[in-house]
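Asks: What follows is the residue order along each chain.
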Amino acid sequence: MCWGLDCNINSKSGIGMFLALCIFFAGCKPNLDEPKYTSGEADFTSYLAIGNGFTAGYMDNALTLEGQLQSFPNLLANQFRLANGGAFKQPLVNSGNGFGYDFITQTSSGKLVLVNAINCANQNDVDLKTLSVNDDDKKWIGNQGPFNNMGFAGAKSFNLYSQLFGKGGVTGNPFFYRVASDTGASSGLSSTVLGDAAKLDPTFFTLWIGGSDVLWYALAGGEPNGNQFNTITPTSQFDAAIDTIVSELTSNDTEGLIANIPDIEDFPFFSTIPYNGLILTQSQADSLNLLSPPGISFQAGANPYVVSNQGGGTIRQMKKGELLLSSIKRDSLLCFEKGTPQRPIESFKVLDSAEVLNIRNAIQSYNAKLRSVAIAKGLAYSDMNAFFKSLSKGYVFNGAHFSSAYLKSSVFSLDGVHPNGRGYAIIANEFIRSINAKYGSNLPPVDVNASTGVLNP
Amino acid sequence: MFLFPLLLKAGGYQINTQSQKGLSMGGSVTGLAMDASVTFYNPAGLSMLDSNYFNVGACLLMPKTAFLGPYGGTEQLSAKSFSTFYLYGNYILNSKMTFGLSVNTPFGLGTKWEDNWSGRYVTQEARLSTLFIQPTLAYKINERFSVGVGPVIVTGNTKFRKALNVLNQDGTDGQLELKGGGNGFGFNAGVFARFGKTSVGVSYRSVVELDIENGEAVFSNIPSSLISNGSFPNNTKYKSSITLPSVISLGVGRVMSEKLTANLDFNFTGWSVVDSFIFIYPDYPDLNASSARKLKNSFAIRLGAQYQYSERMQLRGGIGYDQSPVPDGYVNPEMPEADKVVIGVGCTYKLKKGWSVEGSFAFEDLRERKEERNKQENINGTYKSYIYVLGLGLQYQF
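Listed in order, the protein sequences are those of chains A and B. Mapping the first sequence onto this note's numbering, position 50 (from 1) lands on 826, and the numbers just tick up by one. Mapping the second sequence onto this note's numbering, position 348 (from 1) lands on 369, and the numbers just tick up by one.
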């Protein structure tokens, strides 16, 4: 008997040969050759990432090990290594709750997590819970440097060359204090971010700075209350700082990338609660109207919240374009405990039109400066302002649909300002695109979904 | 919003393994009447059979696909083979009429990727199996012409799994599994003509719509907060439908010599009826999803030959070129489609008392295909596939 391929062979071996051939063929898997990656004109041997919390991988209101490992600089460094990139050392915290710091209240805490909760309306809901800080994560590890990731939450432009910045505590920055090679214990003056970074002899850098120069003003509701930290860095000071920083970074013709600053309205912390979220029935509106001072009135449907004017005393209804901070407890809005004439929202939870304008003008001016410096120095430039705006239209990667809203499938972490792992990965891919375009490299993007997103209880 | 579960479709996975002769001749048999499988390939060809046949057999399909995303790291379809079977019989009622019965699986699909692969939010597993039952009557008008027609009764089953972009606190994904089945009807008709040594066959198989009325959607590993706030159910019903397209085939067969017969086939598959897949969740309308497919009508050209090697033995070979119905922008890992070359070989060996055994092997080489701007799910990358098919059959002639 014969099965087809070689019919001069006797039956048994004919079958055998045919099956052997089939199995041989069927065992062959298709192959695809990966492209050869090159760095183009860029030299990624020693990569320095410099900036604020966005560079550090800060997320969920804390510096955590998972955040650092998923930071955009770490992702970039992994891709750089496919070409001529070298080691990338980060000042890692321990695994656990991480180390967060609130510059307004000057208190430390661990990261935020989402937990199941019952809200004031007796519905199943989620709530944020702040975990406790691990004091070990605040300790000085500056003798282990130099570090390639020099991003520090709260860092403003001019802080990067400040000799007070490494002193920690109220004077300096507790995140740079951990890392500074000299915390100024003997001289009273610490090492600087730029000074310590220079020890790496960087061949390539990313600079993403300026967000903290406005963010803390915004987080303070536009009311610095005498705290210098909560003011907007004047544009002249910002411009001078950028000149200083970039000249320092490019002193050896070092190549790199500068990214600009997103608008705060594009962060869910400032965009989640609508100005007119006070939803009333006709009878609720009627009873509020009875008790309302002149100039304040309500109708059935959506009404602007009532807020205190700065300095207290008088109240008003919010206007379109004004922003509410997400630090207002959601429950209090849900159950009419806030936002009515009787219980106005405190002015430091509100960014009024003038404050929003102050912030917007500062960011516009910062971004103009960042762009002109990037062009003048021939550096790659990534328009993160436009990119964060584009995220509001949604973003899809390999079937995962992302939004820039709060929670659900957001690119933002639970603090509503810093991205989560997938958000940082999406940003890393934007930077890679800019770097490839500028330097002729062909680095591949990262798999966004290999990082973590919003973790739901 | 999370759910864009495109059920797999028989997309380009129209399975041309409906008989050993068809498989080994590259699918090129519409112009020939070789055995009872002609019931399926061209109902009119039944009239040209000069005896009764009974054919039964099965094929094992082994698709192999490599995927290379832009982020690097080649990923392979996790090993998965699936089988198809067929059963054909004809009975010559009188000098004019022949009855035929065809039971087979002309559409199907089986792709399975590793559960945690980079495209898991698009698909992890997609399966479609169909069963076509077609009783057929052929009428011989005269020695030259015959016609044939038969209703087609179809039942189909699907299974689809994918991960959902909702993460638990341990970082694991939510998971969706859709299972459903449906029935549909259509018909198959053909004409056949013989001019001396040349024969010509034309056949048309209609569109069949499988309505999944009571599909089962199982959501698992969903964070409890999203269940308790009503965003996701644990289990719910879904509705969908699967369109199996029409196929027009034109075949020209010719007796080249006493021993050699050849056939040239052109096939036209009306894939453009598949515009998108729609999933309706009657109890959870927020989950309703639609996924554009925009399939294009596709052509195939196939050439096959049979050689009478000895009195007992026939050898066959064939080659075909199939155009992919999936346009750029809609290439999807559940159906990693590309234009392909099909090569088949096989033989029939005559045993005693009318019995024969048949064996065949086919190799499908899909062109490497690079998807750069995927419009559905932004899943980009390069695909390369081979499909191996091994078939065995029995024939009884009486």
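Worth flagging that the hints you see were computed from the coordinates, not collected in a lab. Even for Gly, the Cβ is constructed at its ideal location relative to N, Cα and C. Just so you know, not all the hints are guaranteed correct.
[What the hints assert, rightly or not] Examples of chain B residues lying across from chain A (beta carbon under 8 Å, computed):
| no. | residue |
| --- | --- |
| 1 | Gln190 |
| 2 | Thr219 |
| 3 | Pro303 |
[Claimed, not checked] In silico lysine-lysine, DSSO-like type, Cα no more than 30 Å apart, as pairs:
| no. | chain 1 | residue 1 | chain 2 | residue 2 |
| --- | --- | --- | --- | --- |
| 4 | A | Lys812 | B | Lys260 |
| 5 | A | Lys1105 | A | Lys1165 |
| 6 | A | Lys1214 | A | Lys865 |
| 7 | B | Lys117 | A | Lys812 |
| 8 | B | Lys315 | A | Lys1169 |
| 9 | B | Lys218 | B | Lys280 |
| 10 | B | Lys101 | B | Lys280 |
| 11 | B | Lys117 | A | Lys1169 |
| 12 | A | Lys975 | A | Lys1169 |
| 13 | A | Lys1096 | A | Lys1169 |
| 14 | B | Lys180 | A | Lys1184 |
| 15 | A | Lys805 | B | Lys391 |
| 16 | B | Lys391 | A | Lys1214 |
| 17 | B | Lys117 | B | Lys218 |
| 18 | B | Lys396 | A | Lys1184 |
| 19 | A | Lys1214 | B | Lys361 |
| 20 | A | Lys1184 | A | Lys1095 |
| 21 | B | Lys396 | B | Lys85 |
| 22 | B | Lys280 | A | Lys805 |
| 23 | B | Lys391 | A | Lys812 |
| 24 | A | Lys805 | B | Lys133 |
| 25 | B | Lys117 | B | Lys280 |
| 26 | A | Lys915 | A | Lys905 |
| 27 | B | Lys200 | A | Lys1184 |
| 28 | A | Lys805 | B | Lys117 |
| 29 | B | Lys101 | B | Lys315 |
| 30 | B | Lys315 | B | Lys85 |
| 31 | A | Lys1184 | B | Lys258 |
| 32 | A | Lys914 | A | Lys1165 |
| 33 | A | Lys805 | B | Lys180 |
| 34 | A | Lys1169 | A | Lys1095 |
| 35 | A | Lys1184 | B | Lys260 |
Asks: Now look at each hint and say whether the structure bears it out.
Replies: These are the hints, each one checked on the structure:
1. Here the hint on Gln190 (chain B) is kept, as its CB sits about 5 Å from the closest CB of chain A, short of 8 Å.
2. Checking Thr219 (chain B) against chain A by beta carbon gives a least distance of about 27 Å; that is not within 8 Å, so the hint is violated.
3. Using the Cβ-Cβ criterion of 8 Å, the hint placing Pro303 (chain B) at the interface with chain A is not satisfied: the shortest such distance is roughly 23 Å.
4. Distance restraint check for Lys812 (chain A) and Lys260 (chain B): the Cα-Cα separation of roughly 46 Å exceeds the 30 Å cut-off, and the hinted pair is therefore not satisfied.
5. Of the supplied pair hints, the one linking Lys1105 (chain A) and Lys1165 (chain A) holds, its CA atoms being roughly 26 Å apart against a limit of 30 Å.
6. Proximity of Lys1214 (chain A) to Lys865 (chain A) is assessed by CA-CA distance (about 25 Å); at most 30 Å being required, the pair is judged to hold.
7. About 68 Å separates the Cα atoms of Lys117 (chain B) and Lys812 (chain A), which puts this hinted pair outside 30 Å; it is violated.
8. With a C-alpha separation of about 24 Å, the suggested pairing of Lys315 (chain B) with Lys1169 (chain A) holds against the 30 Å cut-off.
9. Between Lys218 (chain B) and Lys280 (chain B) the CA atoms are separated by roughly 13 Å; this keeps the pair inside 30 Å, and the hint holds.
10. This hinted pair does not check out: Lys101 (chain B) and Lys280 (chain B) have alpha carbons roughly 39 Å apart, beyond 30 Å.
11. Distance restraint check for Lys117 (chain B) and Lys1169 (chain A): the Cα-Cα separation of roughly 67 Å exceeds the 30 Å cut-off, and the hinted pair is therefore not satisfied.
12. Taken as a hint, the Lys975 (chain A) and Lys1169 (chain A) pair is broken in the structure, with Cα atoms around 42 Å apart against an allowance of 30 Å.
13. The suggested pairing of Lys1096 (chain A) with Lys1169 (chain A) holds, with an alpha-carbon distance near 21 Å, which does not exceed 30 Å.
14. Restraint check for Lys180 (chain B) and Lys1184 (chain A): the C-alpha separation of about 27 Å stays at or below 30 Å, so the hint holds.
15. Using a Cα cut-off of 30 Å, the hinted pair Lys805 (chain A) and Lys391 (chain B) holds, with the two alpha carbons roughly 18 Å apart.
16. Taking the CA atoms of Lys391 (chain B) and Lys1214 (chain A), the gap is about 25 Å. The hint holds against a cut of 30 Å.
17. In summary, the hint linking Lys117 (chain B) to Lys218 (chain B) is supported, as the alpha carbons are separated by about 21 Å, within the 30 Å threshold.
18. A threshold of 30 Å between alpha carbons decides the hint, and for Lys396 (chain B) with Lys1184 (chain A) the separation of about 23 Å falls inside it, so the pair holds.
19. For the hint linking Lys1214 (chain A) to Lys361 (chain B), the alpha-carbon distance of about 39 Å lies beyond 30 Å, and the restraint is violated.
20. Restraint check for Lys1184 (chain A) and Lys1095 (chain A): the C-alpha separation of about 28 Å stays at or below 30 Å, so the hint holds.
21. Annotation: proposed proximity of Lys396 (chain B) to Lys85 (chain B) holds, straight-line Cα distance about 24 Å (limit 30 Å).
22. Between the alpha carbons of Lys280 (chain B) and Lys805 (chain A) the distance comes to roughly 37 Å, so the proposed pair goes past 30 Å and is violated.
23. Taking the CA atoms of Lys391 (chain B) and Lys812 (chain A), the gap is near 17 Å; set against the 30 Å cutoff, the hint holds.
24. Distance hint between Lys805 (chain A) and Lys133 (chain B) is fulfilled; the C-alpha atoms sit about 15 Å from each other, no more than 30 Å.
25. Distance restraint check for Lys117 (chain B) and Lys280 (chain B): the Cα-Cα separation of roughly 28 Å lies within the 30 Å cut-off, and the hinted pair is therefore satisfied.
26. Note on Lys915 (chain A) and Lys905 (chain A): the hinted pairing holds, with a Cα-Cα distance of about 24 Å set against a maximum of 30 Å.
27. For the suggested pair Lys200 (chain B) and Lys1184 (chain A), the alpha carbons sit about 26 Å apart, so the restraint of at most 30 Å is met.
28. Pair hint Lys805 (chain A) plus Lys117 (chain B) does not hold up; C-alpha atoms about 51 Å apart against a cutoff of 30 Å.
29. Proposed proximity of Lys101 (chain B) and Lys315 (chain B) is supported: the alpha carbons are some 27 Å apart, at most 30 Å.
30. This hinted pair checks out: Lys315 (chain B) and Lys85 (chain B) have alpha carbons roughly 25 Å apart, not beyond 30 Å.
31. At most 30 Å may separate the alpha-carbon atoms for a hinted pair to count; Lys1184 (chain A) and Lys258 (chain B) meet this at roughly 23 Å.
32. A threshold of 30 Å between alpha carbons decides the hint, and for Lys914 (chain A) with Lys1165 (chain A) the separation of about 35 Å lies outside it, so the pair is violated.
33. Between the alpha carbons of Lys805 (chain A) and Lys180 (chain B) the distance comes to roughly 25 Å, so the proposed pair stays at or under 30 Å and holds.
34. The straight-line distance between the Cα atoms of Lys1169 (chain A) and Lys1095 (chain A) is roughly 24 Å, inside the 30 Å bound, and the hint therefore holds.
35. Taking the CA atoms of Lys1184 (chain A) and Lys260 (chain B), the gap is about 26 Å. The hint holds against a cut of 30 Å.
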